[in-house]
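The numbering of the sequence shown is the numbering used here, which starts it at 12 and goes up by one.
For the record, the hints were derived by calculation from the structure and aren't laboratory data.
Note that the structure is predicted; figures quoted are calculated from it, not measured.
Among the hints, erroneous ones may be present.
Derived CB-CB ranges, DEER-like [what the hints assert, rightly or not]: (1) G155 to A259: 36 to 44 Å; (2) H192 to E103: 35 to 43 Å; (3) M76 to F121: 18 to 26 Å; (4) M55 to E167: 36 to 44 Å; (5) Y24 to K252: 19 to 27 Å; (6) D226 to G195: 38 to 46 Å; (7) D120 to E14: 16 to 24 Å; (8) V182 to S204: 20 to 28 Å; (9) V182 to S107: 30 to 38 Å; (10) M55 to D246: 16 to 24 Å; (11) R20 to F121: 20 to 28 Å; (12) G91 to K143: 37 to 45 Å.
Beta carbons: idealized from backbone N, C-alpha and C, even for Gly.
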Amino acid sequence: MMEARVQRRVQRYGWDLAAADYERLWQSQLERAQTRLLDCAWPMRGEHVLDVACGTGLVSLAAAMSVRPEGHVTGVDISGRMVDRARIRAKERHVSNVSFQCMDAENLDFSDGSFDVVLCALGMMYLPDPAKALREMARVLRPGGRIALAVWGERERCGWSGVFPIVDAEVASDVCPLFFHLGGEGTLALECSDAGFGSIEEYRLDTTLDYADADEACRAAFIGGPMALAWSRFDEATRAKVWRRYAASIAKWRHGRGYRVPGEFVVVRAMAPAAVRSPVRSTLEKATP
């Protein structure tokens with residue numbers, strides 16, 4: 012297992028490389044999970060929201076629209092280039108009640124009880140110690156505050172998951188050693204319970220990742236995602252080889268020139284310690300055809 016310090020560095024460099032292509036290749040693919048996340052958190056006018064692992068601000072800006080004008084959203088991410096891109100997007104969209112900082116999710120530099128809502132959309136899988144990050148999120152939430160988290164689901168339900176062994180065969184990347192661990196039935200909900208959260212609800216959402224052609228699908232996997240660092244170090248022959256292997260691994264989901272690759276999201280919502288606790292509920296949801 013890669014040591015935590017090295018894993019954080021790999022994530023920072025990898026997402027720095029992916030920042031320029033992230034929105035083009037992934038914004039539409041992640042929209043269903045992000046929409047459900049915001050619906051679960053229900054940020055309201057005047058509230059203060061923390062978006063952990065905010066990336067280029069896709070969720071942060073949407074939350075800022077919900078809490079304006081009195082409220083504020085703070086987005087944090089380990090990648091400086093992701094944060095820079097988020098600031099540019101906020102300026103372009105004239106959203107003034109949002110700010111972004113470079114910060115490690117496991118060491119949040121905020122006072123206790125600073126936020127009404129904490130969000131983390133598809134960031135928990137990349138953390139060396141997600142349990143520590145959850146304890147930090149609990150700490151910075153006010154009593155009774157709300158948290159909403161989204162992760163990828165079961166490996167077997169994510170058709171693009173073949174990218175990991177394909178890359179690992181070429182380099183000891185260990186990019187995401189526990190990537191699908193939190194997607195197991197009830198796993199993320201249990202982690203929230205262990206961190207002291209209550210009123211936990213879990214939702215499982217089937218989805219598809221739609222690509223215009225093999226080129227777009229491969230670019231999303233290797234250039235706009237967590238494999239970007241490994242890709243940057245491959246020579247041309249290795250790039251061509253992994254490109255072919257990944258395209259072959261998703262061939263069964265080809266529709267004409269395009270691809271409809273299956274995926275699964277898990278979204279969990281909960282309340283901060285001191286809120287009333289209730290049993291975990293799990294709901295399976297199917298994507299609209």
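Taking the beta carbons of M55 and E167, is their distance inside 36 to 44 Å? Because 37 Å falls inside the window, the suggested range holds.
Check the following: the C-beta atoms of D120 and E14 are separated by a distance inside 16 to 24 Å. Holds, since D120 and E14 (Cβ atoms, about 23 Å apart) stay within the stated range.
Within 18 to 26 Å: is that where the Cβ-Cβ distance between M76 and F121 falls? Roughly 22 Å apart at Cβ, these two residues keep to the hinted range, so it holds.
C-beta pair M55, D246: status relative to the range 16 to 24 Å that was hinted: violated (52 Å)
Whether the CB-CB distance between V182 and S204 falls inside 20 to 28 Å: violated (37 Å)
Given a hinted range of 37 to 45 Å, is it respected by the beta-carbon distance of G91 and K143? violated (22 Å)
Within 19 to 27 Å: is that where the Cβ-Cβ distance between Y24 and K252 falls? Cβ of Y24 to Cβ of K252: about 23 Å, so the range 19 to 27 Å holds.
Status of the given 35 to 43 Å range, CB of E103 versus CB of H192: About 36 Å separates the Cβ atoms of H192 and E103, which means 35 to 43 Å holds.
CB of D226 to CB of G195, is that within 38 to 46 Å? Check failed, 33 Å falls outside 38 to 46 Å.
Verdict for V182, S107 (Cβ pair) under range 30 to 38 Å: violated (43 Å)
Between G155 and A259, is the Cβ distance one that fits in 36 to 44 Å? At 51 Å between Cβs, range violated.
Okay, R20 versus F121 on CB: inside 20 to 28 Å? Check passed, 23 Å falls within 20 to 28 Å.
In this structure, the hints that do not hold are numbers 1, 6, 8, 9, 10 and 12, in rising order.
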